[in-house]
Amino acid sequence: MTDPWVALEPGADPAERVRVLRRAHETFAVAGTVPQPVRSVVADSWRRSARAGVGPEGTANVELTDGDLGVYRAQHPLARVMPLIRELMGTFAADGEHLLAVCDAQGRLLWVEGHPATRRKAGRMNFVPGARWAESAVGTNAPGTAVAVDRPVQVFAAEHFIRRVQPWTCAAAPVHDPRTGRVLGAVDITGGDGLAHPHSLGFVQAVARAAESQLALLAPEQTSVDGPELTALGRDEAQLCVDGRKMRLSRRHSEILVLLARHPEGLTGDELLCALYEDESVPPVTLRAELARLRRLLGPGLLASRPYRLTLPVESDAAIVERRLEGGAVTGAATAYTGPLLPGSQAPAVVRLRARLADGLRTALIARRDPDLLADWAHAPWGEDDLDVWRALAAMRPTAPVRSRLAALESELAAPGTRSRGRGR
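Throughout the sequence shown, residue numbering follows our numbering, covering 3 to 427 in sequence.
These are computed hints drawn from the structure, not numbers from a lab.
Nothing here was measured: the structure is a model prediction, and the numbers come from that model.
Every residue gets a Cβ at the ideal spot worked out from N, C-alpha and C, and that includes glycine.
A portion of the hints provided could be inaccurate.
As the list claims (entries may be wrong) - FRET-style restraints, in silico, Cβ to Cβ: (1) V73 to G271: 56 to 64 Å; (2) F94 to T401: 18 to 26 Å; (3) D46 to R184: 21 to 29 Å; (4) T288 to P85: 31 to 39 Å; (5) G196 to G362: 38 to 46 Å; (6) C276 to G329: 28 to 36 Å.
Working from the sequences, and respecting the hints, build out all of it.
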């Protein structure tokens with residue numbers, strides 16, 4: 003299997019795959035062992051389902067009905083992006099006789115919409131709004147497993163743990179809070195065997211990412227509404243916004259503010275000299291002159307001395323990316339990352355910060371194994387030569403253009419005196 007998260011390889015016979023999976027499911031139900039060729043993601047889910055006490059003849063319970071369901075849905079964060087989800091998925095679901103579904107982080111279905119006849123058929127197994135489809139409640143299924151493993155996943159036919167769900171195929175992707183990285187729920191497409199295709203998994207993944215982007219626009223970063231804001235990613239000259247006034251800073255002033263924003267406790271003149279200048283012979287008067295010019299530009303009161311420090315907290319776009327990474331919000335961090343930190347700067351401390359931020363994000367992207375996030379990085383100017391990211395992307399999405407680019411990079415790496423590198427450093 004090229005992609006372990008996709009249920010069927012292109013060209014595979016669905017009927018034969020169903021027969022193999024049913025035999026494997028029966029073996030597991032009787033002996034508790036998972037034979038080949040059950041995918042590892044499904045095998046792990048079957049084991050979790052069994053440990054949770056789910057039986058193959060079980061059914062979903064409806065936990066929210068009528069007014070309780072309406073109030074809960076209205077207050078849920080995903081209610082704000084349901085118009086977008088309907089716009090992206092509604093026609094596909096209706097025309098293909100499929101269902102679109104959205105669940106919360108506990109696997110409760112909040113919305114189930116689509117083809118009327120398919121909805122009636124799904125209703126007979128309680129695939130309805132208010133029902134709990136968590137993996138721990140009804141076993142392996144796309145929305146429940148997606149929130150359990152925090153990954154887009156496709157579940158085909160007898161890969162479902164409960165027998166009455168095995169005529170169905172579904173694909174789901176988790177949706178995260180763009181600021182905190184917390185799983186809010188999942189978007190799902192459910193229907194027949196026709197959904198057992200890589201495109202359906204890519205489709206729900208794209209919808210989930212669009213929903214996250216919309217949430218980010220609806221609820222922008224709130225950390226520095228009233229204080230100064232520094233924008234230094236992807237630009238050689240930073241921009242500082244203070245009280246609604248935007249100032250474009252020189253390269254040296256940009257470096258100074260990036261360092262002082264990162265060190266609210268302040269830095270001595272000697273520490274700033276070492277942080278800013280590769281040449282150790284630069285006299286302190288040179289730095290003092292730069293700081294005097296910066297103080298005049300900023301106005302009274304923002305830049306103090308002994309040690310040099312900012313008198314107000316200054317939020318920076320680099321700090322936002324760092325916080326999101328530390329909190330595990332990889333999608334949010336990637337969205338906020340608009341390029342390397344002051345890419346033209348040669349100040350030693352800035353060079354170290356730039357490399358640390360880029361390496362931290364690219365490492366998180368490789369570990370996350372989200373092909374869309376990897377592709378965004380690989381096709382950005384700072385990632386087009388990043389061999390490790392291209393290798394990770396090729397493992398997840400081995401298309402001809404990706405394989406071709408990877409081969410070219412590996413050829414460059416093998417050539418004497420050359421090496422491939424990422425521009426995010």
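Each hint, compared with the structure:
{"no.": "1", "hint": "V73 to G271: 56 to 64 Å", "in the structure": "holds, 60 Å"}
{"no.": "2", "hint": "F94 to T401: 18 to 26 Å", "in the structure": "holds, 22 Å"}
{"no.": "3", "hint": "D46 to R184: 21 to 29 Å", "in the structure": "holds, 23 Å"}
{"no.": "4", "hint": "T288 to P85: 31 to 39 Å", "in the structure": "violated, 57 Å"}
{"no.": "5", "hint": "G196 to G362: 38 to 46 Å", "in the structure": "holds, 41 Å"}
{"no.": "6", "hint": "C276 to G329: 28 to 36 Å", "in the structure": "holds, 31 Å"}
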